[in-house]
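Colleague: For reference, the chains in residue letters:
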Amino acid sequence: MSRASARSLLGALASVVAAAAVWEVFARSGVFSTALTPSLAAIVPALGRMIADGTLVLHTLYTLYRILLGLALAAVIGIPIGMLMGRFGWAERFVLPLVSVLSPIPSLAWVPIFILWFGLGDAASIALVLYAATFPFILNTWTGVRSVNRIWIRAAEAMGAERGRLFRKIVLPGALPFVIAGARQAFARSWIAVVGGEMIAATNWGLGWVIFDSKEYLNADVMLATLLVIGLLGLGFERLVFQLMERRTVGRWGMVRTART
Amino acid sequence: MSHLELRQITYVYDATGREVAALQDVTFGVAASEFVCVVGRSGCGKTTLLNILAGFLGPTRGEVRIGGKPVTGKGLDRGIVFQDFAQLFPWRTAQRNVEFGLEMKGVPRAERVETARSFLRLVGLEAFAGAYPHELSGGMQQRAAIARALAYNPSVLLMDEPFAALDALTRDEMQRFLVDVWRETRKTVVYVTHNVAEAVYLADRIVVLTPHPGTVRAEVKVPLPRPRDPLSGEFVEAQRRVLELLR
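As they're listed, the protein sequences go chains H and G. So the numbering used here is basically just the index in the first sequence, starting at one, shifted up by 211. So the numbering used here is basically just the index in the second sequence, starting at one, shifted up by 139.
None of these hints come from the bench; they were simulated from the model. Think of the CB as a built atom: it goes at the ideal place given N, C-alpha and C, for glycine as much as any other residue. Hints should not be assumed to be uniformly reliable.
[What the hints assert, rightly or not] Some residues of chain H that are not near chain G, with every Cβ distance over 10 Å (derived):
1. 228
2. 250
3. 252
4. 255
5. 279
6. 309
7. 314
8. 317
9. 332
10. 368
11. 402
12. 423
13. 428
14. 456
15. 466
[Said to hold, decoys possible] Where chain G lies over chain H, by a calculated footprint (3+ residues, C-beta under 8 Å):
16. 353-367
17. 412-421
Kindly generate the complete structure, drawing on both the sequences and the hints.
Modeller: This is the structure in C-alpha cells:
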C-alpha cells in the first residue's frame with residue numbers, strides 16, 4: 212500500500228471512530244430511552260441478523276435497481292437536453308423556463324400523484340428518481356457546455372473543425388468536468404427520492420421501506436443499521452464510481468484536481 | 140511578389156455607440172518563407188490584425204490575399220499559435236493534439252500518426268508524445284502548439300506573442316528553437332509581439348504599428364546574419380531604431 216493511500220485510510224478510520232464515539236456517548240447518556248437510541252452494541256447485531264437472513268441484500272438490490280435505472284434514464288434524457296441548451300439558443304429559451312419551474316419542486320411532493328399514476332411498487336420509485344436526477348444532469352451539462360474554454364474552440368476552428376465535429380471533439384470533452392459534477396449531484400438527489408419513495412410507495416422491499424416499516428415495531432436498531440448501510444453505499448459509490456471516473460478522465464487530463472483519498 | 144498581402148485593412152468596431160478604428164489602412168506584404176514581426180505597444184491593434192489574418196474577424200474594409208487569392212474566413216492554409224498555454228486540448232496527448240488538424244483534413248490514421256510523430260521530433264518532443272498537456276512545462280506546451288500548427292502543412296504560420304508568458308531564459312531558448320524550425324520548414328511567418336529585442340532576433344523585416352488608430356508607422360529590414368547575437372553592436376543599433384519609431 213502506498214503512503215498516500217495509507218494516510219487516506221487512516222483519515223477515514225479516524226473520522227469513523229470519532230463519529231462512533233460521539234454516538235455512543237449520546238446513546239448511553241440517558242437523554243432518550245435506549246430503545247430509541249440503541250448503542251452500537253445493539254445496532255451491529257441487528258445489522259448482522261439482517262445480513263445473515265439475506266434480507267438486507269435483497270432490500271439493497273431492490274433499492275439499487277430503482278436508483279440505478281432511474282439515474283441511467285435521467286442521464287440519457289438530461290445530458291442531451293443540457294447539450295442542446297448549451298448549443299442552440301432556441302433550446303435554451305424553450306427548456307430553461309420549464310427547468311426553472313420544475314427543478315425546485317421537491318421530488319417527494321410528487322409521491323402521491325406518482326402513486327396514483329404508477330401504483331405502488333417499482334415504477335413510482337423509479338419515476339421519482341428520474342424526476343430528481345434529470346435536472347442536475349440538465350443544468351450541469353448546460354453550464355459545462357457554456358464554460359468550455361474559448362481558446363480550444365478558436366484553435367479547433369482554425370484547424371477546420373466546425374459544427375458537429377467541433378461539438379463532438381471539443382465541446383463534449385471540454386464540458387466533462389461539469390457533467391461528472393452533475394452525475395454526483397444527481398446521485399445524491401436520487402437517494403433522497405428513492406428512500407422517500409420507498410417509504411410510501413414501496414411494497415415490502417427496499418431500504419426506505421425497511422426504515423419505515425421498523426417504526427411500527429419500534430426497531431430503532433434496525434432503522435439505524437439501515438441508515439448506516441445507505442451511508443456506506445454512498446461512500447462506496449463515491450470512491451469506486453465517481454472518484455474512479457474522475458481519475459480516469461478529467462483528473463488524468465489535469466482539468467480538475469482529484470480528491471486526496 | 141508577396142505570398143501574403145494585406146491591402147488597406149481597416150477595422151472599425153462599435154464602442155457604446157461610437158465608432159472606433161482599431162486599424163486604419165494597414166498595408167504590407169510578406170514574401171514566401173519570409174519571417175515578419177509586427178511590433179507595437181498593447182492596444183495598437185496587432186492582435187486584431189492577427190485575428191483578421193486568421194479569419195476570426197472580417198475586416199471592415201480592405202482585403203487579405205494568400206498566394207493571390209482573397210481570404211474569406213478560417214482555413215487550413217494558415218496555422219495559428221496563441222500566447223495562452225491552455226490552447227492545447229487537455230484531453231488529448233501531445234501526439235493526439237498534433238494530429239488534430241490532420242484529422243480535420245481527413246488524413247488516414249496511419250499517415251496521421253506518422254506525420255504527427257515527425258513534427259513532434261522536429262520540436263524535440265518525441266519522447267513526450269504520450270504525455271498530456273498538463274504534464275508538460277510551459278515551453279514544451281508551446282513547442283507542442285507549434286508542432287500542431289505546422290503538422291497539417293499550412294503555408295502561413297501566424298503567431299500571437301507565443302513566448303510572452305514564459306520566463307526569460309526559456310524565452311531565449313524558444314526563440315533560438317523557433318529560428319531553427321523556421322529554417323527547416325521555410326514557412327511564411329507573421330509573428331506579433333510587443334518585445335522589440337525578440338522582433339530583432341527573429342525577423343527578416345519588422346512592421347512597426349502605432350495606435351489610435353493602428354497604422355503602419357514604418358517597415359524596418361533586419362539584414363543581420365543568423366544566428367544573431369543580441370549583444371552585438373548591429374543588433375543593439377537595430378533595436379534602437381525600432382524603439383525610436385515606437386516612441
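Colleague: Take the hints in turn and mark each one as holding or not.
Modeller: Status of the hints after comparison with the structure:
1. Listed as a non-interface residue, residue 228 of chain H keeps its Cβ farther than 10 Å from every Cβ of chain G; the least gap is roughly 37 Å.
2. Under the 10 Å C-beta cut-off, the non-interface status given to residue 250 of chain H relative to chain G holds; the minimum distance is some 49 Å.
3. The Cβ of residue 252 of chain H sits about 50 Å from the closest Cβ of chain G, beyond the 10 Å cut-off, so the non-interface label holds.
4. For residue 255 of chain H, the shortest C-beta to C-beta distance to chain G comes to about 45 Å, beyond the 10 Å cut-off, and the non-interface label holds.
5. Consistency note on residue 279 of chain H: stated as away from chain G, and its beta-carbon is indeed over 10 Å from all of that chain's, at 27 Å minimum.
6. The claim that residue 309 of chain H is not at the interface with chain G holds, since no C-beta of that chain comes within 10 Å of its own (minimum 32 Å).
7. With a closest Cβ-Cβ approach of about 29 Å to chain G, residue 314 of chain H is found to remain outside the 10 Å limit, as its non-interface label requires.
8. Non-interface status of residue 317 of chain H relative to chain G is upheld: no Cβ of that chain comes within 10 Å, the nearest being about 36 Å off.
9. With a least beta-carbon separation of about 42 Å from chain G, residue 332 of chain H lies farther than 10 Å from that chain, consistent with its non-interface assignment.
10. In this structure residue 368 of chain H is not separated from chain G by more than 10 Å, as the shortest Cβ-Cβ distance comes to only about 6 Å.
11. Every Cβ of chain G is farther than 10 Å from the Cβ of residue 402 of chain H; the closest lies at roughly 30 Å, confirming the non-interface assignment.
12. With a minimum CB-CB distance of about 45 Å to chain G, residue 423 of chain H clears the 10 Å threshold, and the non-interface call stands.
13. Residue-level check passed: residue 428 of chain H sits 54 Å from the nearest beta carbon of chain G, beyond 10 Å.
14. The Cβ of residue 456 of chain H sits about 14 Å from the closest Cβ of chain G, beyond the 10 Å cut-off, so the non-interface label holds.
15. The beta carbon of residue 466 of chain H is not kept farther than 10 Å from every beta carbon of chain G, the shortest such distance being approximately 5 Å.
16. Given a C-beta distance limit of less than 8 Å, the hint that chain G covers the stretch 353-367 of chain H holds, as 6 residues qualify and 3 suffice.
17. With a threshold of 8 Å between beta carbons, the proposed coverage of the stretch 412-421 of chain H by chain G is violated, since 0 of its residues qualify and at least three are required.
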